[in-house]
Amino acid sequence: MKIVVCVKQVPDSWAEKKLNPADNTLDRDAADAVVNELDEYAIEEALQIQERLGGADECPVTVLTVGPEKAIESVRKGLQMGANEGVHVVDDALHGSDALATSAVLAAAIDRLAPDLVLMGSESTDARMSVVPAMLAERTGRPQLTFAGKVDIADGAITVQRATDYGYDVVEASLPALVSVVEKINEPRYPSFKGIMAAKKKPVETLTLADLGVEPAAVGLAGAWSSVQEFAARPPRAAGTVVTDEGDGGTKAADFLATQKFI
Amino acid sequence: MSEVLVLVEHADGDVKKVTFELLTLARSLGEPAAVAIGDVSDALVASLAAGGADIVYVAAGPEFGEHVVAPKVSALQSALAASSAAGVLVPATAEGKEIAARLAVRTESGIITDAVGVSAGFVAEQSVFGGSTMVQSAVTTGTPIIAVRPNSVAAEATAGAGRRVDLDVTITDADRAAKVTDSVAQERAGRPELTEAAIVVSGGRGVGSPEGFAVVESLADALGAAVGASRAATDAGWYPHQFQVGQTGKTVSPQLYIANGISGAIQHRAGMQTSKTIVAVNKDAEAPIFDLVDFGVVGDLHVVLPQLTEEVTRRKG
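Residue numbers (this note's numbering), protein chains in the order written: chain A, 1 to 263; chain B, 264 to 580.
One or more hints might be untrue.
Below are the DSS-like pairs computed for lysine-lysine, each with C-alpha atoms no more than 25 Å apart in a straight line [claimed, not checked]:
1. B:K279 x A:K261
2. A:K150 x B:K442
3. B:K546 x B:K279
The calculated label-pair distances, taken between Cβ atoms and stated as ranges, are [as the list claims (entries may be wrong)]:
4. A:K261 x B:G453: 32 to 42 Å
5. A:Q229 x B:R426: 33 to 43 Å
6. A:F193 x B:T576: 50 to 60 Å
7. A:K261 x B:D445: 51 to 61 Å
Hints in this document: simulated from the structure, not taken from any laboratory. Cβ atoms here follow ideal geometry from the backbone N, Cα and C, with glycine treated the same way.
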């Protein structure tokens with residue numbers, strides 16, 4: 001059994017983010033870059049599945065990313081946590097790719113790697129569209145097991161608990177399959193010193209669009225099927241009223257709700 | 264006038280509010296055409312007509328709900344083929360966005376998610392980066408597919424013609440790849456759904472314990488509101504994960520958001536900053552949440568909330 005974990009490098013989730021006025025894309029230099037938080041949960045889940053199935057020989061874990069030179073750091077993080085090898089798709093033509101193009105590049109890489117299981121976070125903290133897993137399932141023809149809060153694998157079959165608005169659905173499929181995870185699924189490990197040292201020797205394959213047979217014109221800003229026309233900082237909210245509770249804070253809040261016709 | 268398709272959200276025989284919002288939006292862009300999938304009754308079709316649908320495309324049958332999203336994509340795709348619609352609006356819920364995503368791949372169309380408004384020519388307005396930036400975007404290839412957040416527009420009840428068109432949908436084996444074998448409900452009964460609710464009352468680190476959420480829930484129930492929680496509260500196990508509001512949880516945009524014991528880090532703001540009116544109760548006068556509020560109380564939520572709840576109950580009673 002072979003697992004590929006898709007990861008994305010994003011600006012630090014806790015940092016303020018902004019757009020670059022030159023081409024209306026995310027200003028990736030404005031904040032520290034980190035592995036997308038939910039993708040760490042996907043890496044952790046892959047490692048736990050590997051441990052259950054008998055280790056790296058039985059169940060190798062590959063970390064895959066699509067992104068600029070610097071994005072190799074997110075592959076390294078996965079290797080430090082314990083993944084076995086990395087694949088980095090890097091190409092100047094990729095800058096400004098939309099979710100559709102990104103999913104097409106990931107699909108080409110997954111078809112090439114042909115894993116039994118694809119794992120990924122259910123959304124990235126920068127774009128927050130939460131659509132790439134579904135697009136990837138559509139493109140690769142794999143069963144879509146998204147928003148998984150629990151994953152079980154046995155005898156070539158996979159069962160997940162898919163988070164819903166009211167609780168969860170139990171979803172079953174056969175492998176190969178695609179799973180996106182939510183954060184309640186596990187608690188990602190921190191890389192150990194040993195893991196960090198070992199990661200330096202682990203293989204990372206670098207692929208270009210040509211290697212994957214993807215047309216450069218189909219990706220990047222020029223190949224995007226939607227475009228940002230303009231953007232502006234949201235006007236700051238008008239300063240509100242803040243009172244200190246002196247035994248009547250709740251009553252004053254109720255007064256406010258009444259003036260706004262909520263009660 | 265070109266049709267504008269609206270993917271209908273419905274549960275237990277009732278059309279969800281966001282559907283009426285999208286039908287209202289569709290009327291400003293063209294001829295509103297609802298696409299109802301799954302357990303579709305005559306009453307449901309009538310309700311969609313009353314809510315503004317000139318046409319109601321129906322793909323009825325239990326099988327649409329028995330597999331993860333793909334059969335619904337096939338149904339929406341066949342409505343698109345039958346209508347030559349100018350655009351497709353879906354609710355920006357987890358499932359709505361997944362259906363939109365797969366439809367975009369199948370029809371080679373651009374997709375925009377989490378719009379808070381759509382104007383002529385299907386120009387979508389989005390609020391990004393925790394609400395700090397407003398973006399205008401447009402689809403440049405194929406049929407615009409736009410996922411619109413609940414509560415973005417006010418639903419206006421302008422009845423439509425409601426002409427029913429039954430779709431002949433082929434569900435492929437590939438659509439059946441992920442089978443739903445059970446549905447488990449965990450939500451506490453009687454409260455509106457978090458992403459749809461007009462009022463959301465949420466609690467964070469300052470609530471202090473699972474038992475502490477009782478004061479948050481009491482206020483929510485007095486107001487007829489949904490209950491939310493910050494990442495700090497769900498990570499601590501004080502409140503179930505599916506109620507988390509913020510960057511890795513739900514995004515809400517209610518008429519009124521009441522944040523209790525929540526400091527207002529970007530993680531949380533990203534999920535609630537487009538709320539129309541924001542009220543906060545927090546012990547720390549320096550908490551960043553107070554930069555967002557229309558009304559704030561610096562104080563202990565365990566003292567302030569019971570008083571507020573009592574006042575709300577008294578004034579409503």
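Going through the hints against the structure:
no. : hint                        : result
1   : B:K279 x A:K261             : holds, 24 Å
2   : A:K150 x B:K442             : holds, 16 Å
3   : B:K546 x B:K279             : violated, 37 Å
4   : A:K261 x B:G453: 32 to 42 Å : violated, 24 Å
5   : A:Q229 x B:R426: 33 to 43 Å : holds, 35 Å
6   : A:F193 x B:T576: 50 to 60 Å : holds, 58 Å
7   : A:K261 x B:D445: 51 to 61 Å : violated, 43 Å
Hints 3, 4, 7 from the list above are not met by this structure, while the remaining hints are.
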